[in-house]
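Residue numbering for the sequence shown follows numbering that gives the first Met the number 0, beginning at 0 and increasing consecutively.
In case anyone wonders, no lab produced these hints; they're calculated from the structure. Check each hint, because a few of them may be wrong.
Mimicking EDC-like on lysine to aspartate or glutamate, the simulated pairs with C-alpha atoms at most 16 Å apart in a straight line are [stated by the list, open to error]:
#1 Lys166 with Glu20
#2 Lys346 with Asp371
#3 Lys271 with Glu89
#4 Lys166 with Glu195
#5 Lys37 with Asp51
#6 Lys139 with Glu107
#7 Lys34 with Asp51
#8 Lys1 with Asp74
#9 Lys181 with Glu195
#10 Lys271 with Glu334
#11 Lys1 with Glu111
#12 Lys219 with Asp247
#13 Lys316 with Asp247
#14 Lys142 with Glu107
#15 Lys1 with Glu77
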Amino acid sequence: MKVTLFGTGYVGLVIGACLAETGHQVMCMDVDEVKINKLCNGQIPIYEPGLDRMVAENLEQQRLHFTSNAEEAIDFAELLFVAVGTPPGEDGSADLQHVLAVASSIGELMQETKIIVTKSTVPVGTSEKIRETVQHALGKRGKDFVFHVASNPEFLKEGAAIGDFMKPDRIIVGTDSEHVRKRLHELYAPFNRSSERTIYMDIRAAELTKYAANAMLATKISFMNEISQLAEHLGADIEQVRQGIGSDPRIGYQFIYPGIGYGGSCFPKDVKALSQTAAESGINLQLINAVNDVNERQKSHLVSLIQHHYGINLSGKTFALWGLSFKPGTNDMREAPSRVIMEALWKAGARIQAYDPEAMEEVEQIYGQRDDLQLVGTRDSAIQGADALIICTEWQHFRAADFEHLARELTDRVLFDGRNVYDPTTVSEYGLTYYGIGRGASLKIAKIK
Numbered sequence: 000m001k002v003t004l005f006g007t008g009y010v011g012l013v014i015g016a017c018l019a020e021t022g023h024q025v026m027c028m029d030v031d032e033v034k035i036n037k038l039c040n041g042q043i044p045i046y047e048p049g050l051d052r053m054v055a056e057n058l059e060q061q062r063l064h065f066t067s068n069a070e071e072a073i074d075f076a077e078l079l080f081v082a083v084g085t086p087p088g089e090d091g092s093a094d095l096q097h098v099l100a101v102a103s104s105i106g107e108l109m110q111e112t113k114i115i116v117t118k119s120t121v122p123v124g125t126s127e128k129i130r131e132t133v134q135h136a137l138g139k140r141g142k143d144f145v146f147h148v149a150s151n152p153e154f155l156k157e158g159a160a161i162g163d164f165m166k167p168d169r170i171i172v173g174t175d176s177e178h179v180r181k182r183l184h185e186l187y188a189p190f191n192r193s194s195e196r197t198i199y200m201d202i203r204a205a206e207l208t209k210y211a212a213n214a215m216l217a218t219k220i221s222f223m224n225e226i227s228q229l230a231e232h233l234g235a236d237i238e239q240v241r242q243g244i245g246s247d248p249r250i251g252y253q254f255i256y257p258g259i260g261y262g263g264s265c266f267p268k269d270v271k272a273l274s275q276t277a278a279e280s281g282i283n284l285q286l287i288n289a290v291n292d293v294n295e296r297q298k299s300h301l302v303s304l305i306q307h308h309y310g311i312n313l314s315g316k317t318f319a320l321w322g323l324s325f326k327p328g329t330n331d332m333r334e335a336p337s338r339v340i341m342e343a344l345w346k347a348g349a350r351i352q353a354y355d356p357e358a359m360e361e362v363e364q365i366y367g368q369r370d371d372l373q374l375v376g377t378r379d380s381a382i383q384g385a386d387a388l389i390i391c392t393e394w395q396h397f398r399a400a401d402f403e404h405l406a407r408e409l410t411d412r413v414l415f416d417g418r419n420v421y422d423p424t425t426v427s428e429y430g431l432t433y434y435g436i437g438r439g440a441s442l443k444i445a446k447i448k
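Model the full structure from these sequences, guided by the hints.
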């Protein structure tokens, strides 16, 4: 089949490459000509494991194409996927200007029947706005082409997006058209060989499903982070609590790891957008609002532990920081907890020596050159001359640390573990003072020291 995707960010580029990988002919369109030129030469603007190889191979096989020409993209296929960004507005609502701009272009340029499918995460009712926008553009041309609008939300985790798309848990399709069902069934046939994973529903239900799914996962994270605060004060170890409740199959182990809060392009934006959508309908989602509030507080909790140890004024202190991206497996710095932590430490007078295997360029673009920030090439370089170490992202090669080396290099021999990567007892045996998240017992040991 031929497919066009509007938008070449995390969603559009991954989906385009994966569909091409299964044999479909795919064209990805973006208004950013510089980005398109780089993609045509196999240069990937984001880090996603395996994506560079997949794009390069499908470019070579001429199954994957890139263009900045909207007319070419619209003429290429009947199936037009909208995967552009929906950034949060000032009130937290999703900004639909890019989505509706695509819809307007389709209405202005289409010459035959089209199926417009939203992949972008959009509020309930957006498909109706797309339909109205396309119809308005057609009316101005005096045309009456048949078109369909459907919702097909993505469920991709950054760092594991290719696996999520190629082996999906479910494929949600919201449509009121039998023609759309038939075409999308054909498109997704390669992903339904072992079992039928497609779930059909009405369009509004599909739009809400995406928001509800992300809000549920964010709720699990904030719940565990709030319990970790209690554990800290009661002298309990939240990691033992996590194992105790995670063993219950009704709860499970996923998304109950305490830490310094969630970030990225999805959870923060989608939780706020869902809350705003409800507010516009006169509904106060108290639980969802609390999820966001807890997350914002949690991002600053590690700073509280640092100032508990050192005091409010951190002038003259240098902190090594391992991990900058909001999670492992990506270079995405959007809403990353590391940003909140670094900015708070700078405000208190501290210097930072930071290392991340993928996000260094992103950080440099955000903060530029600063006297109080040094980006270094290895994790060992980060700790040279530092007073203490902070773990912000649990990259795999941070998991096995040389604590004897850390004890020699860190002037104050202190480790602030924002992701509970290490065992407090093991760390303490090497003469290091350990602070984790919700590790009540370790906090008592730190106070004694």
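Taking the hints in turn, this is what the structure says about them:
no., hint, in the structure
1, Lys166 with Glu20, "13 Å, holds"
2, Lys346 with Asp371, "10 Å, holds"
3, Lys271 with Glu89, "11 Å, holds"
4, Lys166 with Glu195, "12 Å, holds"
5, Lys37 with Asp51, "12 Å, holds"
6, Lys139 with Glu107, "8 Å, holds"
7, Lys34 with Asp51, "14 Å, holds"
8, Lys1 with Asp74, "10 Å, holds"
9, Lys181 with Glu195, "14 Å, holds"
10, Lys271 with Glu334, "13 Å, holds"
11, Lys1 with Glu111, "14 Å, holds"
12, Lys219 with Asp247, "14 Å, holds"
13, Lys316 with Asp247, "44 Å, violated"
14, Lys142 with Glu107, "10 Å, holds"
15, Lys1 with Glu77, "7 Å, holds"
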